[in-house]
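Visitor: Sequences and hints are given; from them, build the entire structure.
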Amino acid sequence: MAGKLLAGIGVAALVVFGVGGLVALGVVRERVTLVVQDSSVSAQRGPAPVELLAEDVAAVRADLAALGAALGPQLEELHASLDGAATQRGAAHSATIDRLNSAVVALSARVDSLAAASALREARTLAALEELRATSSALAQNAATGPGAATEIAAAPALPSTESSAAAGSDSSAPVAAPAVEAAPGPVAEAAPAQLDPTPPPEAAAPAPRKFLSFTLPSKSFSFAGRQRLAIVPSLSRVGFDAKSTLHDFSGVTQKVEGELEVDLAQPALAPAGSVLVDARSLDTGMADRDAAMREHLDTQRHAQLRFTWTELRDAQVDLAQQRLSAVAVGRLSIKGVEREVAMPVQVSVDSSQRVGIEGELKLRLRDFGVEPPSQLGMIRVENEVRVWISLRARSLGAAKAVARDAK
Amino acid sequence: MRSELLAVLLALSAGSCIAPSVVSSSGRSVSASAPNDWRPAAPADLAGLFESVAVEGSDAQALARVLYHFTLDADVDAAGGVYTGAALVIGDGAPQFQTLGGVWRVLAGRLELDGVDAAGVQVAGEWLRLESESGAIVLRKAALL
Chain C
1 MAGKLLAGIG VAALVVFGVG GLVALGVVRE RVTLVVQDSS VSAQRGPAPV ELLAEDVAAV
61 RADLAALGAA LGPQLEELHA SLDGAATQRG AAHSATIDRL NSAVVALSAR VDSLAAASAL
121 REARTLAALE ELRATSSALA QNAATGPGAA TEIAAAPALP STESSAAAGS DSSAPVAAPA
181 VEAAPGPVAE AAPAQLDPTP PPEAAAPAPR KFLSFTLPSK SFSFAGRQRL AIVPSLSRVG
241 FDAKSTLHDF SGVTQKVEGE LEVDLAQPAL APAGSVLVDA RSLDTGMADR DAAMREHLDT
301 QRHAQLRFTW TELRDAQVDL AQQRLSAVAV GRLSIKGVER EVAMPVQVSV DSSQRVGIEG
361 ELKLRLRDFG VEPPSQLGMI RVENEVRVWI SLRARSLGAA KAVARDAK
Chain D
409 MRSELLAVLL ALSAGSCIAP SVVSSSGRSV SASAPNDWRP AAPADLAGLF ESVAVEGSDA
469 QALARVLYHF TLDADVDAAG GVYTGAALVI GDGAPQFQTL GGVWRVLAGR LELDGVDAAG
529 VQVAGEWLRL ESESGAIVLR KAALL
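Line by line, the protein sequences give chains C and D.
Letter by letter, the first sequence follows residues 1 to 408 of this note's numbering.
Letter by letter, the second sequence follows residues 409 to 553 of this note's numbering.
Don't read these hints as lab results, they were simulated from the structure.
Note that the structure is predicted; figures quoted are calculated from it, not measured.
Here a beta-carbon is modelled for each residue, glycine too, at the ideal position from N, C-alpha and C.
Incorrect hints may have been included.
Unchecked claim - In silico DSS-like links for lysine-lysine, alpha-carbon gap of 27 Å or less:
id : chain 1 : residue 1 : chain 2 : residue 2
1  : C       : K244      : C       : K336
2  : C       : K256      : C       : K244
3  : D       : K549      : C       : K211
4  : C       : K256      : C       : K336
5  : D       : K549      : C       : K256
6  : C       : K363      : C       : K256
To be verified - Facing chain C, from chain D, some residues (calculated, C-beta under 8 Å):
id : residue
7  : Q469
8  : A470
9  : D500
Guide: Below you can see the structure in the form of structure tokens.
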């Protein structure tokens, strides 16, 4: 039964496949056209795709060859330069490493010497203390036995201290080798232990404090470069103006000037700051009546000070070797309470006493600052334009806080 | 009114006769006024209180103010006596006073402080000039009280 069923299914399948094949043949026949042609005809139509492909490949090969020929020397050159740069960098790095190594070695030696010196001092202090203790004990023992102890006290060693040297030197009844320095902090206090220590430690090799008329001066001297504070020395400074009038020209001058500036003279563009204050009441033109009129016009009762606030040094030209600087000082000038931005060309130099000199002048119009030029009956008139000048001497007060390079 | 106008006209006409009183650009800087008739000092010239008016030189620039008081005392030294000195020293930090004390003497125009040659010393009236290789100080006699 099953065999018959399978045979039936097989016959049916054959019939279905046969019919399907015929239908497919019918469909395909309408869409497919077979053309049989001679090979010479096809040759006339153009090159075969394979040949085109071969030509393209040949062209690409030629391009690659040309590219290779062109790139070769350049790559070699690049390789050579990279090699050179790498060699230089390597040498620089080696030098830097050598320097760092040397610095580390020097630092280690310094640390060692400091430690040794410290240990030596500690040992000496302990020994002195021990000896003092022994002397004290002996004194206590001898106290009951009577006089004689005083001599032993005098022989007792002195501990290293600044007080002992000051006390020794303050005895003015007899000449002493070195002057007594009383309550002198800073460099003097540092110098005292070195005088007591017969074998100064290596750190004593630092610049020794200078002496001038027996005063101990800081070892650090003036430096043109580096941001520093400059204080105006009034006794060596003058500020004034030159004015023209229909009668005759005159100047007004004062030495009552003060102020402090902060600047790196070697890099003046780095955020200079500070101000110059002038006592307007002290301006002297040499004629009392004219001075009185000037003060009235400047309203010095209400605005006693002229102020220049320095904000920028422009177009600076620095001569480090000569310690000179020329630039345009830009800032805000306040006269009679009216503030205007002004630009004053200045020359900066350092004198033999290491004071910083600042010279400059600018022209300004009085009316810009609300000052009416003095006039007598409209006929004797002071011109509106006056020339203001400064001649300042400033003393360095030491280093100022550093300012970022891009600060303005 | 007429007289005032006349005065103004007279002043105007005289204007050309009045010399201008403008400070020349080369005369703007301040130079310390000091005598020029210096002579070597004798011990008696130093007795009293002296206060600095000018400090010059590379070393002296660190001194803002200097005061000396010299006392003649023949018991201490025939050519000197005792002294005390104070200086306002400017370093990197805040200015600090230093004080000195000891004996002084003047020999052949040289000032010795505590047995050490300190400076050449000259006088001119009430002025005193102490000068060493690295600086000089001009002092003026001051009232003690």
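Visitor: Now tell me if each hint is right for this structure.
Guide: To see whether the hints hold, each was checked on the structure:
| no. | hint | result |
| --- | --- | --- |
| 1 | K244(C) <-> K336(C) | 20 Å, holds |
| 2 | K256(C) <-> K244(C) | 23 Å, holds |
| 3 | K549(D) <-> K211(C) | 24 Å, holds |
| 4 | K256(C) <-> K336(C) | 17 Å, holds |
| 5 | K549(D) <-> K256(C) | 24 Å, holds |
| 6 | K363(C) <-> K256(C) | 21 Å, holds |
| 7 | Q469 | 4 Å, holds |
| 8 | A470 | 4 Å, holds |
| 9 | D500 | 4 Å, holds |
Every hint from the earlier list agrees with this structure, and none is contradicted.
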